[in-house]
Structures are given as structure tokens and as C-alpha cells.
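Enquirer: With these hints in hand, go ahead and build the complete structure from the sequences.
Numbering-wise, the numbering used here puts 38 at position 38 of the sequence shown, and it's gapless, one number per residue.
It should be emphasised that the hints constitute simulated quantities derived from the structure, not laboratory data.
One or more hints might be untrue.
To be verified - Derived lysine to any residue pairs resembling SDA-like cross-links, with alpha carbons at most 25 Å apart:
1. Lys-59 - Glu-22
2. Lys-69 - Phe-136
3. Lys-148 - Glu-128
4. Lys-79 - Lys-59
5. Lys-96 - Gly-15
6. Lys-209 - Glu-186
7. Lys-96 - Ile-183
8. Lys-96 - Glu-226
9. Lys-79 - Asn-198
10. Lys-184 - Asn-90
11. Lys-200 - Thr-134
12. Lys-69 - Gln-193
13. Lys-143 - Ile-166
14. Lys-150 - Tyr-75
15. Lys-83 - Ile-174
16. Lys-200 - Gln-109
17. Lys-123 - Pro-82
18. Lys-222 - Leu-167
19. Lys-222 - Glu-73
To be verified - Here are the simulated distance ranges between beta carbons:
20. His-171 - Lys-200: 28 to 38 Å
21. Lys-86 - Lys-200: 15 to 25 Å
22. Ala-48 - Phe-14: 34 to 44 Å
23. Lys-83 - Asn-197: 15 to 25 Å
Positions of the beta carbon are idealized from the N, C-alpha and C atoms, including for glycine.
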Amino acid sequence: MKLNNYHRKYLSLFGMIMCVFEIIACFAYASTHFSIGLSLLYIVIVMAAGVLLFRLFYKEYKILNAGIKGERESYKVLKNLPKEYKVYKNVPLEFKKQHTELDQLIISQYGIVIVETKSYSGKLSGHEDDQQWTYFKHLPKGKTQTTKIKNPLMQLEREIYILTRILKKEHMEIPIIGYVYLIKGECEVETNQLFTNNDKLLSAIQSHKNKVLNKNQMKKIKEVLEL
1 MKLNNYHRKY LSLFGMIMCV FEIIACFAYA STHFSIGLSL LYIVIVMAAG
51 VLLFRLFYKE YKILNAGIKG ERESYKVLKN LPKEYKVYKN VPLEFKKQHT
101 ELDQLIISQY GIVIVETKSY SGKLSGHEDD QQWTYFKHLP KGKTQTTKIK
151 NPLMQLEREI YILTRILKKE HMEIPIIGYV YLIKGECEVE TNQLFTNNDK
201 LLSAIQSHKN KVLNKNQMKK IKEVLEL
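Expert: The structure is reproduced here in C-alpha cells:
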């Protein structure tokens, strides 16, 4: 079973706790069995490894926690859609050993919409077709940290592909629309698939007026995806 972000978050927290216990245990052993030799060297190595692992777990925990908070904010925004739009969060998908999880999935008589949420506090720069974008994060004292991140539009494209294949297997040819919702951050990428404004995202979702699904089709989609 593929772990979702919530499971990974708590595994990271558990890893941090275990590292702290390991460091405390090593320190306690060293203080009561102090000697100069290989045993002390081993203790120092184990403690250093514990500190390194703690930092790695903590970094992953912060990233996952920020992502989960962003998904919650995005879900609250999407719940402002009219009642005819059914919003689902954290929807797992699997097709021929390809796994993914949709942050938000919206089903209505106007079709299917996937919203991929990203939580960045800085600025994104790049081009729509680039494999990677540049992320500029503002640090204290006027400093800026530059990082390369995966193009979220590519991730969105993969999610649309997997969901399309799942539905096609059930003989359902349904157009799927996808958007990236960037919370807090700014974006210089020119694309009509990414939004940083709540109202513009909601307007884009509701701009599709053609009724392409009936009640039976919507029911079948929910059954296939176990919603």
C-alpha cells in the first residue's frame, strides 16, 4: 500500500522521536561507561548518525506538514463552490503499478476537475513546458534561497493521464481538466492552469458550462474511485 502524506508525516515524526531516544541512550551510556577506546568511538559515531537522521526526518516533516496545511486551505476554498460540485480530497489512484494521490477531485455535471495544491512562501519562475522551475525563497536579513523544483504542471499532467486510463478501462471517455493552486506564493510562469487567487480559481472551475455527465455517470465514477 502506498503511503499518503499524512502517513509519511507521522512516520517522520516517529523517526524523529526514535532518533532523540537513541541520542539520549548513547549519551547516558557514555556518561556511565566513560573510557578511551573503540567503544567510545562507536558511541560517538552512532550519536552523530542519530543527529543526521533527526535533521533529515525533521526536514521531511516540515515539508509534509506545510503541504498538508496547504491542502486543507485549498479544500476550504473549493467548498465554496455551489452544492452541485462535489469536492473530494486525498484521492488515491493506481493504474498498472502507477501510483498517485489527488489533492482535490471535483465531480459535477460539467465534468471532472483535478486541483493540485502547492504551498510555497516565495516566488516561482520558469516556463510552462520546463521540467523544473526555479523557486526563490525569501530568508531573514534580505537573503534569498534559490532551489530547483519539479514543474507542478507535469505532475498534474501525470495525474490526469492516470485518471483518464482508469476511467477508460471502465469504458468512460470523460474530459478531465486540471489546475494548480499555489497558496501564499507568487508565480511568474505564464500559464492558464495555475492560480494564486481564490476567486480566479473558483471562476475557472465554474467557467465550463457544458453538461457532459449525467447522474448515472457521476455515480459510476464515484464507485470506480471508491469515493
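Enquirer: Given the hinted pair Lys-79 and Asn-198, is their Cα-Cα distance within 25 Å?
Expert: holds (11 Å)
Enquirer: Under the criterion that the straight-line Cα-Cα distance not exceed 25 Å, is the pair Lys-148, Glu-128 satisfied?
Expert: Roughly 15 Å between the alpha carbons, so the hint for Lys-148 and Glu-128 holds.
Enquirer: Taking only the CA atoms, is the gap from Lys-96 to Gly-15 under or equal to 25 Å?
Expert: Cα-Cα ~31 Å, so violated.
Enquirer: For the pair we were handed, Lys-222 and Leu-167, check the Cα-Cα distance against 25 Å.
Expert: holds (11 Å)
Enquirer: For the pair we were handed, Lys-184 and Asn-90, check the Cα-Cα distance against 25 Å.
Expert: holds (21 Å)
Enquirer: What's the verdict on Lys-69 and Phe-136, does the C-alpha distance respect the 25 Å limit or exceed it?
Expert: Roughly 20 Å between the alpha carbons, so the hint for Lys-69 and Phe-136 holds.
Enquirer: Going straight from one Cα to the other, do Lys-150 and Tyr-75 come out at no more than 25 Å?
Expert: holds (23 Å)
Enquirer: Would you check the hint for Lys-69 and Gln-193, treating anything up to 25 Å between C-alpha atoms as holding?
Expert: holds (22 Å)
Enquirer: Check whether the Cα positions of Lys-200 and Thr-134 lie no farther apart than 25 Å.
Expert: It holds: about 24 Å lies between the C-alpha atoms, which stays within 25 Å.
Enquirer: Has the given pair, Lys-143 with Ile-166, been kept, meaning a C-alpha gap of at most 25 Å?
Expert: Outside the cut-off at roughly 46 Å; violated.
Enquirer: Does Ile-174 lie within 25 Å of Lys-83 when you go C-alpha to C-alpha?
Expert: holds (21 Å)
Enquirer: Would the hint linking Lys-96 and Glu-226 be met if the CA-CA limit is 25 Å?
Expert: holds (17 Å)
Hints 4, 5, 6, 7, 13, 17, 22 from the list above are not met by this structure, while the remaining hints are.
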